[in-house]
Amino acid sequence: MSTILVVDDETQILRALRRALRARDYEVVTACDGEDALIEAERSTPDLVVLDLNLPGIDGMEVCRRLRSWTQVPILVLSVREDEAGKVRALDLGADDYLTKPFGVEELLARVRALLRRSLLDERDGDPPRFEVDGVVVDLAARRVTRMGADVHLTKTEWALLLALVEHPGKLLTHRWLLDRVWGAGYREDVEVLRVFVSQLRRKIEPDPGRPSLIVTDPGVGYRWEAEATQRRNRESSGRRAG
Amino acid sequence: MSSDVDRSSAGYVLRLMRPPRARRQALAYAVSLVGTLVLVAGFLPFRDDIEPLTKAFGFLLVVVATAGIGGIWPGVFASVLGFVVFNFFFLPPYDTFMIGKPEYVVVLFANLVLSVLISLLIGRAKERAAAAEAREAELRTLQELSREMVVRGPGEDSYRAIIGRVLQMFDYRAGALFVRDPAQSGGLREQVSVGCEPGAIAPGWDPRSTERAPERLPLSLGSNNVGLLVLTGARSAPSEAESRILRAFGDQLALVLERDRLLRKATEAEVYRQSERMRRALLAAVSHDLRSPLAAIKASVSDLLEDNVAHSPEDRREALEAIDSESERLNTLIANLLDMSRIEAGVLHARFETVDLNDAVARSLGNVHRVWPDIRIRDRLEEGVMVRADPVFLDRVLTNLLDNAARSAEERTSDVEVVAKRTDGRVTVRVVDHGNGIPTEEREMLFHPFYELDQRNRRLGSGLGLAIAKGFVTAMDGEIWVEDTPGGGATLAVAVGSAGP
Chain A
0 MSTILVVDDE TQILRALRRA LRARDYEVVT ACDGEDALIE AERSTPDLVV
50 LDLNLPGIDG MEVCRRLRSW TQVPILVLSV REDEAGKVRA LDLGADDYLT
100 KPFGVEELLA RVRALLRRSL LDERDGDPPR FEVDGVVVDL AARRVTRMGA
150 DVHLTKTEWA LLLALVEHPG KLLTHRWLLD RVWGAGYRED VEVLRVFVSQ
200 LRRKIEPDPG RPSLIVTDPG VGYRWEAEAT QRRNRESSGR RAG
Chain W
0 MSSDVDRSSA GYVLRLMRPP RARRQALAYA VSLVGTLVLV AGFLPFRDDI
50 EPLTKAFGFL LVVVATAGIG GIWPGVFASV LGFVVFNFFF LPPYDTFMIG
100 KPEYVVVLFA NLVLSVLISL LIGRAKERAA AAEAREAELR TLQELSREMV
150 VRGPGEDSYR AIIGRVLQMF DYRAGALFVR DPAQSGGLRE QVSVGCEPGA
200 IAPGWDPRST ERAPERLPLS LGSNNVGLLV LTGARSAPSE AESRILRAFG
250 DQLALVLERD RLLRKATEAE VYRQSERMRR ALLAAVSHDL RSPLAAIKAS
300 VSDLLEDNVA HSPEDRREAL EAIDSESERL NTLIANLLDM SRIEAGVLHA
350 RFETVDLNDA VARSLGNVHR VWPDIRIRDR LEEGVMVRAD PVFLDRVLTN
400 LLDNAARSAE ERTSDVEVVA KRTDGRVTVR VVDHGNGIPT EEREMLFHPF
450 YELDQRNRRL GSGLGLAIAK GFVTAMDGEI WVEDTPGGGA TLAVAVGSAG
500 P
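Chains A and W supply the protein sequences, listed in that same order. Read in order, the letters of the first sequence are residues 0 to 242 in numbering that gives the first Met the number 0. Read in order, the letters of the second sequence are residues 0 to 500 in numbering that gives the first Met the number 0.
The reader is advised that the hints may include incorrect statements.
Each pair of labels, with its calculated beta carbon distance range [unchecked claim]:
hint : chain 1 : residue 1 : chain 2 : residue 2 : range
1    : A       : R23       : W       : E352      : 50 to 60 angstroms
2    : W       : E305      : A       : Q71       : 28 to 38 angstroms
3    : A       : R23       : W       : T266      : 31 to 41 angstroms
4    : A       : E26       : W       : E443      : 45 to 55 angstroms
5    : A       : P55       : W       : S219      : 56 to 66 angstroms
6    : W       : E327      : A       : R112      : 32 to 42 angstroms
7    : W       : Q183      : A       : D179      : 50 to 60 angstroms
Just a sample of chain A residues kept apart from chain W, beta carbon distances all over 10 angstroms, derived [as the list claims (entries may be wrong)]:
hint : residue
8    : A19
9    : I38
10   : T70
11   : K100
12   : P101
13   : A141
14   : D150
15   : W158
16   : D179
17   : W182
18   : E205
Hints were generated in silico from the structure; no laboratory data involved. C-beta atoms are modelled at their ideal positions from N, C-alpha and C, and glycine is treated no differently.
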């Protein structure tokens, strides 16, 4: 059973989230400001933190930064629609995903499940370096991609980009983070370059490049490797192999 | 600066600016004539007993006095006059222009040369002293004007005062200051006029007109023309020294105009920045305050709507209650925003009635309890206190005050009290909390819309409520203020008219 730390200064939101998560058998601890959040995170070592950015005292951004200095616990940030910059900054500081208020419980639960599954995966060593989606096979160990059995050539940069995405399944990766990781610190603002390479990569590995299901765009923020799609299919394929 | 000093220094300047030169010269000629006459009359009875040289020194004295008063030309006149009179009356043979002894020729001409020389020297020294004095006066005038310009802040009143000083110092009747304005035809706009109706002085001058040409003083910074000062009056054209002063004054006035223009621009920019910051803060606060209850409602409702989860009856109940209270919060906030816009638009008109204070407080308590179900409010009012108020406004005022108290009380889980007191024609209602209190320096800002004590916490919160309370209280001719609660906390007091016995 997973423990979730919910941080929000609005009592009613806190209560609503606690009710909803407890009804689905999650253990819930709560905090209503930044300091409480940091203390609670240390005390109860949660499996996931749901963190409102707008907090009195130490704000959500700072909580994010301080948490990341000692733990890799997945952080789901709650923000308002007007605060685009704040949300991107939180993601740059190490938050894993965000949700815009107001949101429905089903949305929250989907994100919570995705992030928890990822962190469970992270703990398990030896991830299958191979996945197959609708006729496109990506073998990371062999650095080989085939589509309907035919080899697809990926350039060095495309490989680097693919690896960066695949290593963080489900996590929303900001433009800045991806540019920094694949191209280096000097290219952090070059979003256009990233856009071009993502679309090239999609043409090579997406079953339907027009409607991407593996590399999903979060407009204005970044890209996400859709973990659920590959994991489900991997499970199926490894099942087949076993059988 | 006192007006006495003003007047005397201006008088000083005027005296030096236009020395009565002609009068002084006339006086000098008179002195030389009278002096010579007195000498002749004085020496004549004893002209045989006195040495010619002694008499010559007497005439030298007259020359010195004349030159001292009138300068070179009266001095030379006195010298020649002395030469003639001395020769005629005092050099033997007397009463002729004949000269008896050769050495008398030497005495006579040496005396003439000496007299003329002395006149020249004294005259020149006098001119230099006068020039130095005039320059000093120039500088003093200019200094006075510049001090005036620097001391006075920007604005039309200072321009008016400065131009007034110029009119007074230079004896003009009226003046007008024009500043460069590309939007106007001719590129000039009248800023202020002194001594005449606005618009009476035109920036341009028609040379065919029969009137005296006005003094037109261009104000420029380098090659950049910033304005024009036009002075009119019945006086003659300014002297060279006066023109110099006026030009220097014009340069300084140009600097001042430019300084003021830049200052105005900077202020405008600052005001814009402030209002922009305010607008942003307001937007953030409205968005947060509207969205928070909405987020709680949406989360609760979407949770209840999911079929595949079994909610306990307690959870269902709690969720529904949360939805109810959060809807109420939203409703309150929207009402507050609408009230605020009505207050800011200035369309509030109180409809006075006799209102039972107990009823009003009871209604407001009901409102507050719906949002803050756990708060304990004790009302310690006597029965039958009647006030003259708009019942709707009074409800909103009391609700907002109680809501504010409930917010600060919630942090400390203490009670809120409501008390009322009647004093000569007025009823003062006090809402007392035992929260953290309000620092003195923040009290003025407390009733400012969108002000929050905790600036990091960008909420509309109580700031809006108190601003609205103030708006309604003012519309009812009442008063609202903050006091300290003895032992800690804040007390908000409202005074309205009494309607009871």
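Task: Distance rule for P101 (chain A), whose beta carbon must clear each one in chain W by more than 10 angstroms - done: violated, 4 angstroms
TODO: Check the non-interface label on W182 (chain A): least C-beta distance to chain W beyond 10 angstroms or not.
DONE: holds, 34 angstroms
Task: Check on W158 (chain A) being off the interface with chain W, judged by Cβ distance over 10 angstroms - done: Holds, since 41 angstroms exceeds 10 angstroms.
Task: Distal placement of T70 (chain A) relative to chain W, Cβ over 10 angstroms - done: holds, 25 angstroms
- [ ] Take the C-beta atom of E305 (chain W) and the C-beta atom of Q71 (chain A), compute their distance, and say whether it sits inside 28 to 38 angstroms.
- [x] Holds, since E305 (chain W) and Q71 (chain A) (Cβ atoms, about 30 angstroms apart) stay within the stated range.
Task: Closest CB of chain W to the CB of D179 (chain A) still more than 10 angstroms away - done: holds, 29 angstroms
Task: Verdict on E205 (chain A) as a residue remote from chain W, using beta-carbon distances over 10 angstroms - done: Holds, because the least Cβ-Cβ distance between E205 (chain A) and chain W comes to about 32 angstroms, which exceeds 10 angstroms.
Open item on the list: Please check whether the beta-carbon of A141 (chain A) is more than 10 angstroms away from every beta-carbon in chain W.
Closed with: Nearest chain W Cβ is 42 angstroms from A141 (chain A), so the label holds.
Open item on the list: Looking only at beta-carbon atoms, does the pair R23 (chain A), T266 (chain W) fall within the given range of 31 to 41 angstroms?
Closed with: violated, 58 angstroms
TODO: For the range 56 to 66 angstroms, tell me whether the beta carbons of P55 (chain A) and S219 (chain W) fit it or not.
DONE: holds, 57 angstroms
Task: Range hint compliance [Cβ, Q183 (chain W) to D179 (chain A), 50 to 60 angstroms] - done: holds, 57 angstroms
TODO: Test the statement that I38 (chain A) is away from the interface with chain W: the closest C-beta pair must be farther apart than 10 angstroms.
DONE: holds, 19 angstroms
Going down the numbered hints, you'll see the structure goes against 3, 8, 11, 12, while the others check out.
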